[in-house]
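Protein sequences, first through last, are from chains A and B.
1 is the number of the first residue of the first sequence in the UniProt record's numbering; add one for each residue after it.
1 is the number of the first residue of the second sequence in the UniProt record's numbering; add one for each residue after it.
Note that these hints are calculated values from the structure, not bench results.
There may be inaccurate statements among the hints.
[What the hints assert, rightly or not] Now the in silico label distances, taken between C-beta atoms and shown as ranges:
#1 A:V124 / B:P463: 17 to 27 Å
#2 A:A425 / B:N349: 47 to 57 Å
#3 B:D354 / A:S462: 31 to 41 Å
#4 A:V283 / B:T304: 34 to 44 Å
#5 A:Q311 / B:A299: 56 to 66 Å
#6 B:D368 / A:G253: 50 to 60 Å
#7 B:K281 / A:R229: 52 to 62 Å
#8 A:Q311 / B:N477: 52 to 62 Å
[Claimed, not checked] Among the chain A residues that face chain B by a calculated CB cut under 8 Å, a handful are:
#9 Q18
#10 I78
#11 G96
#12 I99
#13 D102
#14 N104
#15 I272
#16 A371
#17 S409
#18 Q445
#19 F460
#20 E472
[Unchecked claim] Residues of chain A placed beyond 10 Å of chain B at every Cβ, according to the derived structure:
#21 G123
#22 Q126
#23 R235
#24 H257
#25 G279
#26 E280
#27 E298
#28 I312
#29 R337
#30 V368
#31 A441
#32 K452
#33 T459
Where a beta carbon is used, it is the ideal one built from N, C-alpha and C, also for glycine.
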Amino acid sequence: MARKMLVDGEAPVADGGQYDYDLFVIGAGSGGVRGSRTAASFGAKVAICELPFHPISSDWQGGHGGTCVIRGCVPKKILVYGASFRGEFEDSKNFGWEINGDINFNWKTLLEHKTKEIVRLNGVYQRIITNAGVTMIEGAGSLVDAHTVEVSQPNGSKQRYTAKHILIATGSRAQRVNIPGKELAITSDEALSLEELPKRAVILGGGYIAVEFASIWRGMGAEVDLFYRKELPLRGFDDEMRAVVAGNLEGRGIKLHPGTNLTELSKTADGIKVVTDKGEELVADVVLFATGRKPNSERLNLQAAGVEVDQIGAIKVDEYSRTSAPSVWAVGDVTNRINLTPVALMEATCFSKTVFGGQQVKPDYRDVPCAVFSIPPLSVVGLSEQQAREEAKGDILVFTSSFNPMKNSISKRQEKTVMKLVVDAETDRVLGASMCGPDAAEIMQGIAVALKCGATKATFDSTVGIHPSAAEEFVTMRTVTRRVGPVSKPKTSL
Amino acid sequence: MAAHATLPFSCSSTLQTLSRTLSPRGALQLRRGFLRLPSHAALPRHPRPCCRRHVSASAAASPNGASADGKYDYDLFTIGAGSGGVRASRFASTLHGARVAICEMPFATIASDEHGGLGGTCVLRGCVPKKLLVYGSKYSHEFEESRGFGWTYETEPKHDWSTLIANKNTELQRLVGIYKNILNNAEVTLIEGRGKIVDPHTVSVNGKLYTAKNILIGVGGRPSMPDIPGIELAIDSDAALDLPSKPEKIAIVGGGYIALEFAGIFNGLKSEVHVFIRQKKVLRGFDEEVRDFVADQMALRGITFHSEQSPQAVTKSNDGLLSLKTNKETIGGFSHVMFATGRRPNTKNLGLEDVGVQMDKNGAIVVDEYSRTSVESIWAVGDVTNRVNLTPVALMEGGAFVRTAFGNEPTKPDYRAIPSAVFSQPPIGQVGLTEEQAVEEYGDVDVFIANFRPLKATLSGLPDRVLMKIIVCATTNKVVGAHMCGDDAPEIIQGIAIAVKAGLTKQDFDATIGIHPTSAEEFVTMRNATRKIRKKSTDQVHNAILKRNFTWHTGWHTWKIYFLRIICFELDLSLLRVFYMFY
Chain A
1 MARKMLVDGE APVADGGQYD YDLFVIGAGS GGVRGSRTAA SFGAKVAICE
51 LPFHPISSDW QGGHGGTCVI RGCVPKKILV YGASFRGEFE DSKNFGWEIN
101 GDINFNWKTL LEHKTKEIVR LNGVYQRIIT NAGVTMIEGA GSLVDAHTVE
151 VSQPNGSKQR YTAKHILIAT GSRAQRVNIP GKELAITSDE ALSLEELPKR
201 AVILGGGYIA VEFASIWRGM GAEVDLFYRK ELPLRGFDDE MRAVVAGNLE
251 GRGIKLHPGT NLTELSKTAD GIKVVTDKGE ELVADVVLFA TGRKPNSERL
301 NLQAAGVEVD QIGAIKVDEY SRTSAPSVWA VGDVTNRINL TPVALMEATC
351 FSKTVFGGQQ VKPDYRDVPC AVFSIPPLSV VGLSEQQARE EAKGDILVFT
401 SSFNPMKNSI SKRQEKTVMK LVVDAETDRV LGASMCGPDA AEIMQGIAVA
451 LKCGATKATF DSTVGIHPSA AEEFVTMRTV TRRVGPVSKP KTSL
Chain B
1 MAAHATLPFS CSSTLQTLSR TLSPRGALQL RRGFLRLPSH AALPRHPRPC
51 CRRHVSASAA ASPNGASADG KYDYDLFTIG AGSGGVRASR FASTLHGARV
101 AICEMPFATI ASDEHGGLGG TCVLRGCVPK KLLVYGSKYS HEFEESRGFG
151 WTYETEPKHD WSTLIANKNT ELQRLVGIYK NILNNAEVTL IEGRGKIVDP
201 HTVSVNGKLY TAKNILIGVG GRPSMPDIPG IELAIDSDAA LDLPSKPEKI
251 AIVGGGYIAL EFAGIFNGLK SEVHVFIRQK KVLRGFDEEV RDFVADQMAL
301 RGITFHSEQS PQAVTKSNDG LLSLKTNKET IGGFSHVMFA TGRRPNTKNL
351 GLEDVGVQMD KNGAIVVDEY SRTSVESIWA VGDVTNRVNL TPVALMEGGA
401 FVRTAFGNEP TKPDYRAIPS AVFSQPPIGQ VGLTEEQAVE EYGDVDVFIA
451 NFRPLKATLS GLPDRVLMKI IVCATTNKVV GAHMCGDDAP EIIQGIAIAV
501 KAGLTKQDFD ATIGIHPTSA EEFVTMRNAT RKIRKKSTDQ VHNAILKRNF
551 TWHTGWHTWK IYFLRIICFE LDLSLLRVFY MFY
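Work out the full structure, taking the sequences as your base and the hints as a guide.
Written as structure tokens, this is what we have:
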């Protein structure tokens with residue numbers, strides 16, 4: 001039954017029966033688990049290998065659930081929740097709440113509860129895999145050839161498995177910059193599991209991870225200095241929204257150092273001394289490098305199967321997630337396409353449908369929404385104003401709205417919520433939406449459904465608002481803020 | 001954007017300056033499209049007024065209705081400066097150059113025959129103050145949640161009611177000022193006082209008469225309480241929003257959204273809350289599952305529900321405390337008894353009867369699809385017409401009225417897929433049909449349900465859960481309803497409402513990538529239907545079989561089959577079984 005359903009034109013295999021498995025998956029993160037589970041549901045015989053669980057990943061440690069569950073989305077969001085309470089306490093005063101005496105934050109309690117939750121989720125993932133009838137194998141997987149995986153243990157023992165198809169979903173890992181004293185810095189893995197909460201934190205990086213940790217530590221009471229190379233954090237997002245986020249971070253007490261790099265770290269009695277390329281010096285308890293992530297492709301022995309990688313080590317795949325070796329496939333962060341959990345899930349589902357479900361399905365990367373869980377959060381879907389102008393043939397209409405959220409009318413917090421719609425002037429299609437303010441991520445999901453299906457501004461306008469909410473602003477932006485023409489992308493000689 | 005910068009909160013839709021240009025249309029088109037003459041039958045008491053004014057006005061009407069034909073003081077006179085009235089007045093003036101006046105009574109937090117205030121129910125006695133109190137009361141839950149996230153308090157946080165009420169009232173005063181500015185900037189003449197209609201083109205305010213080509217009634221509604229002994233001891237929602245002190249123990253009578261919102265507010269502020277509902281369940285008209293879910297969640301937070309109890313009397317004992325007697329029991333010791341037992345249109349003493357404006361049995365003004373009353377020159381929008389009583393709907397009606405009456409563009413408000421929220425704790429957001437309505441309308445319905453513990457609750461250890469439901473018409477695959485109860489539900493449903501309004505299918509939802517980790521992503525990741533309801537009850541299935549048989553047989557076979565069907569219906573048997581028994 002299982003074998004009968006296999007659909008594969010290219011793999012040089014006469015009969016699936018000559019292999020131990022129809023599918024062998026390396027890495028039980030979001031993409032790997034989804035891929036193995038859906039393949040099994042199509043009747044395939046599947047095995048998956050993963051390293052033993054540990055909050056901090058290494059060559060010998062990982063865990064079922066992967067980055068998202070153990071070292072990413074989930075623990076990060078838990079810390080963001082924890083950190084958000086400080087702002088709530090401040091806001092509550094004008095609503096009549098009196099908190100006499102100290103409010104204390106116990107990092108250890110939060111850490112303990114977070115670890116408990118992650119261990120629980122790790123178990124949930126293991127159960128999901130088992131219930132799907134997938135064989136779980138513990139150890140580090142690497143390729144022997146295009147149909148053979150070797151799973152090795154720290155003690156040196158090795159076991160080989162053959163499979164008709166191999167799926168690589170080993171994800172990625174935080175990367176450090178190469179400056180003197182770099183070993184004194186930590187990455188996001190460690191930051192999620194620190195023994196002590198830092199009082200003074202220095203963060204290097206302008207991406208979402210840097211911004212999120214800045215908000216987390218600030219919310220927990222630390223002094224935070226954020227260093228990044230560009231003028232604004234969050235490169236790739238809408239410029240206007242980047243400026244809003246920067247303003248909010250500053251408003252919440254984070255010190256921003258745009259256009260600044262770190263050049264050296266050294267240990268002193270008082271903490272870690274940090275030197276910048278502008279000659280500034282400061283001392284911190286913790287220095288976090290949030291300077292990008294690198295695909296986990298080095299220890300996979302990819303060349304043995306003829307699997308190609310690009311210059312940063314990401315596995316090259318075609319539109320169906322097939323690598324240069326026809327029987328080897330890859331999904332998720334290890335392919336460095338769009339590095340988001342829900343995208344890895346989509347890629348894995350498409351993979352299973354293509355290989356085992358008898359339908360050729362490509363993942364659709366259009367209008368993928370995402371969120372930055374800074375405090376307050378930023379969430380976007382579709383094109384930024386800059387991207388829209390680059391892609392447009394005609395004019396673009398930009399609708400923006402900057403307002404005081406209702407809660408602030410009492411709390412007196414000086415922080416505006418900003419929303420933006422980018423519309424094609426000719427077709428009236430909404431090309432992009434962004435929001436920075438409380439609940440942005442929750443609000444954007446529904447907007448993303450509308451955008452994905454080509455909703456026009458007229459459809460937005462015809463939707464009745466939910467009053468009083470922040471989200472209703474998205475359906476009541478009647479006046480064009482500006483009309484801008486297309487810009488051609490500057491051509492470079494490269 | 002200047003107006004925008006001063007916005008107090010997110011209802012800027014009310015405040016933005018609209019500068020959309022409308023395409024000019026010819027007079028001919030106007031007459032065909034808009035100036036339809038009402039039949040005399042529609043005006044039983046006052047046949048179409050053929051007084052001097054009206055005839056000459058019609059003759060001199062300029063195409064856009066915003067004529068300065070001198071016969072009238074104004075092109076539009078609006079009674080009531082709430083959401084609908086302000087929106088219509090502002091648009092008529094700024095977009096169409098109409099000369100507009102609006103009258104409103106002086107500001108007070110509690111509405112009466114002499115008091116109201118710019119902004120109306122929404123701003124002064126409804127959405128805004130209610131939401132501010134919801135914000136204020138929600139903190140107690142957040143303090144509880146925070147413990148699981150490592151926060152500790154040397155002393156328990158205490159709430160001071162008077163601070164909250166004072167800050168709320170300061171905010172309301174500010175909003176009244178903003179509304180005044182909006183009207184001034186739109187060059188709408190503001191007249192303070194109670195308006196009364198004298199004839200189809202005349203309004204009297206404080207004894208002074210004003211004539212207008214069109215009159216718009218936007219006077220809203222007011223809480224109504226049943227006539228039972230001791231009712232004067234009870235309070236309504238107006239008073240509950242502005243109490244001098246926090247209730248220690250409160251009885252709330254009613255199962256609608258106002259009752260639930262106040263139950264949440266007082267419970268959050270640590271009052272002992274008892275809710276008395278006449279029916280078995282709260283929130284009649286909402287999805288059945290949502291009704292059960294929200295009551296369970298509220299009970300878990302400490303609210304006591306007394307179902308199937310009708311109030312019979314309120315009494316005061318010697319210690320000053322109140323008792324509520326119902327058909328089942330008498331409970332005492334209440335510092336306050338609140339009735340949230342519905343609202344009634346404010347149509348008394350408006351002169352409507354004399355001028356011939358029809359009202360229904362509840363006192364709501366009867367209007368056509370364009371918000372025109374039975375008197376051609378008099379229109380009405382918002383709660384006073386008791387259609388869908390929501391601020392954004394009044395705004396929509398006000399906007400449509402202006403297009404119709406002043407923009408040469410007859411426009412009907414569109415009541416399809418209006419989303420709404422209940423700011424209970426946890427809140428509800430919904431759009432489109434309930435499961436029950438969908439089954440009724442489409443028969444074959446797929447229901448997708450997610451009932452889960454949100455990430456925040458796994459850490460806080462509180463028993464909070466989230467319920468989400470998508471209702472899909474099985475034949476078209478269109479999403480015809482979406483419901484949610486849980487944190488941020490109103491914010492989450494707004495975007496979903498755009499998708500429902502656009503008529504999107506379940507596949508469209510599935511094709512959307514989730515935002516991880518959020519609650520909202522659940523709306524795009526519900527892959528398997530929880531239940532598939534097929535209304536193809538036996539008789540429908542068998543109709544199909546019978547139909548086929550009709551083409552095969554003639555004569556007595558046909559009669560036999562008819563006969564069979566009758567027997568089956570009579571005996572309430574499975575048609576199929578009988579059918580096969582015979583053959």
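Structure-based check of each hint:
Separation of V124 of chain A from P463 of chain B is about 19 Å and conforms to the stated range, judged on CB atoms against 17 to 27 Å. Take A425 of chain A and N349 of chain B: their Cβ atoms lie about 51 Å apart, and the range 47 to 57 Å holds. Between D354 of chain B and S462 of chain A, the C-beta spacing of about 38 Å keeps the proposed range 31 to 41 Å intact. For V283 of chain A and T304 of chain B, the hinted distance range of 34 to 44 Å is not satisfied, since their beta carbons lie about 57 Å from each other.
The hinted range of 56 to 66 Å is satisfied by Q311 of chain A and A299 of chain B, whose Cβ atoms lie roughly 60 Å apart. Judged by the Cβ atoms, the range 50 to 60 Å given for D368 of chain B and G253 of chain A holds: they are separated by roughly 57 Å. Under the hint 52 to 62 Å, the C-beta atoms of K281 of chain B and R229 of chain A, about 59 Å apart, fit the expected range. Range check, Q311 of chain A to N477 of chain B: about 45 Å between beta-carbon atoms, so the 52 to 62 Å window is missed.
At about 34 Å, the closest approach between the beta carbon of Q18 of chain A and any beta carbon in chain B exceeds 8 Å, and the interface hint on this residue is violated. Of the supplied interface hints, the one on I78 of chain A holds, with its beta-carbon coming within about 6 Å of a beta-carbon of chain B, less than 8 Å. The restraint placing G96 of chain A at the interface with chain B holds, with a minimum CB-CB distance near 4 Å, inside the 8 Å limit. The beta carbon of I99 of chain A comes within 5 Å of a beta carbon in chain B, closer than 8 Å, and the hint placing it at the interface holds.
Because the smallest distance between the Cβ of D102 of chain A and any Cβ of chain B comes to about 5 Å, under 8 Å, the interface hint for this residue holds. A cut of 8 Å between beta carbons decides the hint on N104 of chain A: the least distance to chain B is about 5 Å, and the hint holds. The beta carbon of I272 of chain A comes no nearer than 25 Å to any beta carbon in chain B, farther than 8 Å, and the hint placing it at the interface is violated. Residue-level restraint check for A371 of chain A holds (minimum Cβ-Cβ distance to chain B is 5 Å; threshold 8 Å).
A least Cβ separation of about 5 Å between S409 of chain A and chain B falls short of the 8 Å threshold, and the interface hint therefore holds. Interface restraint check: Q445 of chain A against chain B, minimum CB-CB distance 3 Å, threshold 8 Å, status holds. Against a cut-off of 8 Å between C-beta atoms, the interface hint on F460 of chain A holds, since the closest Cβ of chain B lies about 6 Å away. With a least beta-carbon distance of about 6 Å to chain B, the hint placing E472 of chain A at the interface is held under the 8 Å criterion.
With a least CB separation of 13 Å from chain B, G123 of chain A remains clear of the 10 Å interface cut-off, as annotated. The beta carbon of Q126 of chain A sits about 18 Å from the closest Cβ of chain B, which is more than 10 Å, so the claim that it is off the interface holds. Distance check on R235 of chain A: its Cβ is at least 20 Å (rounded) from any Cβ of chain B, clearing the 10 Å threshold; non-interface status holds. No beta-carbon of chain B is positioned within 10 Å of the beta-carbon of H257 of chain A; the least distance is around 29 Å.
No Cβ of chain B comes within 10 Å of the Cβ of G279 of chain A; the nearest lies about 38 Å off, and the non-interface call holds. Chain B leaves E280 of chain A outside its interface by the beta-carbon criterion, the shortest separation being 33 Å against a cut-off of 10 Å. Here E298 of chain A stays apart from chain B, with its beta-carbon at least about 27 Å from theirs, past the 10 Å limit. Every C-beta of chain B lies more than 10 Å from that of I312 of chain A, the closest at about 24 Å, which supports listing it as non-interface.
Its beta-carbon lying about 12 Å from the closest one in chain B, R337 of chain A satisfies the requirement of being farther than 10 Å from that chain. Residue placement check: V368 of chain A does not keep its beta carbon more than 10 Å from all beta carbons of chain B (closest about 5 Å). With 10 Å as the threshold on Cβ separation, the claim that A441 of chain A sits away from chain B is violated: the shortest Cβ distance comes to roughly 5 Å. Distance check on K452 of chain A: its Cβ comes as close as 5 Å (rounded) to a Cβ of chain B, failing to clear the 10 Å threshold; non-interface status is violated.
Once the 10 Å rule is applied to beta carbons, T459 of chain A is inconsistent with being away from chain B; the minimum gap is 5 Å.
When each numbered hint is compared with the structure, violations occur for hints 4, 8, 9, 15, 30, 31, 32, 33.
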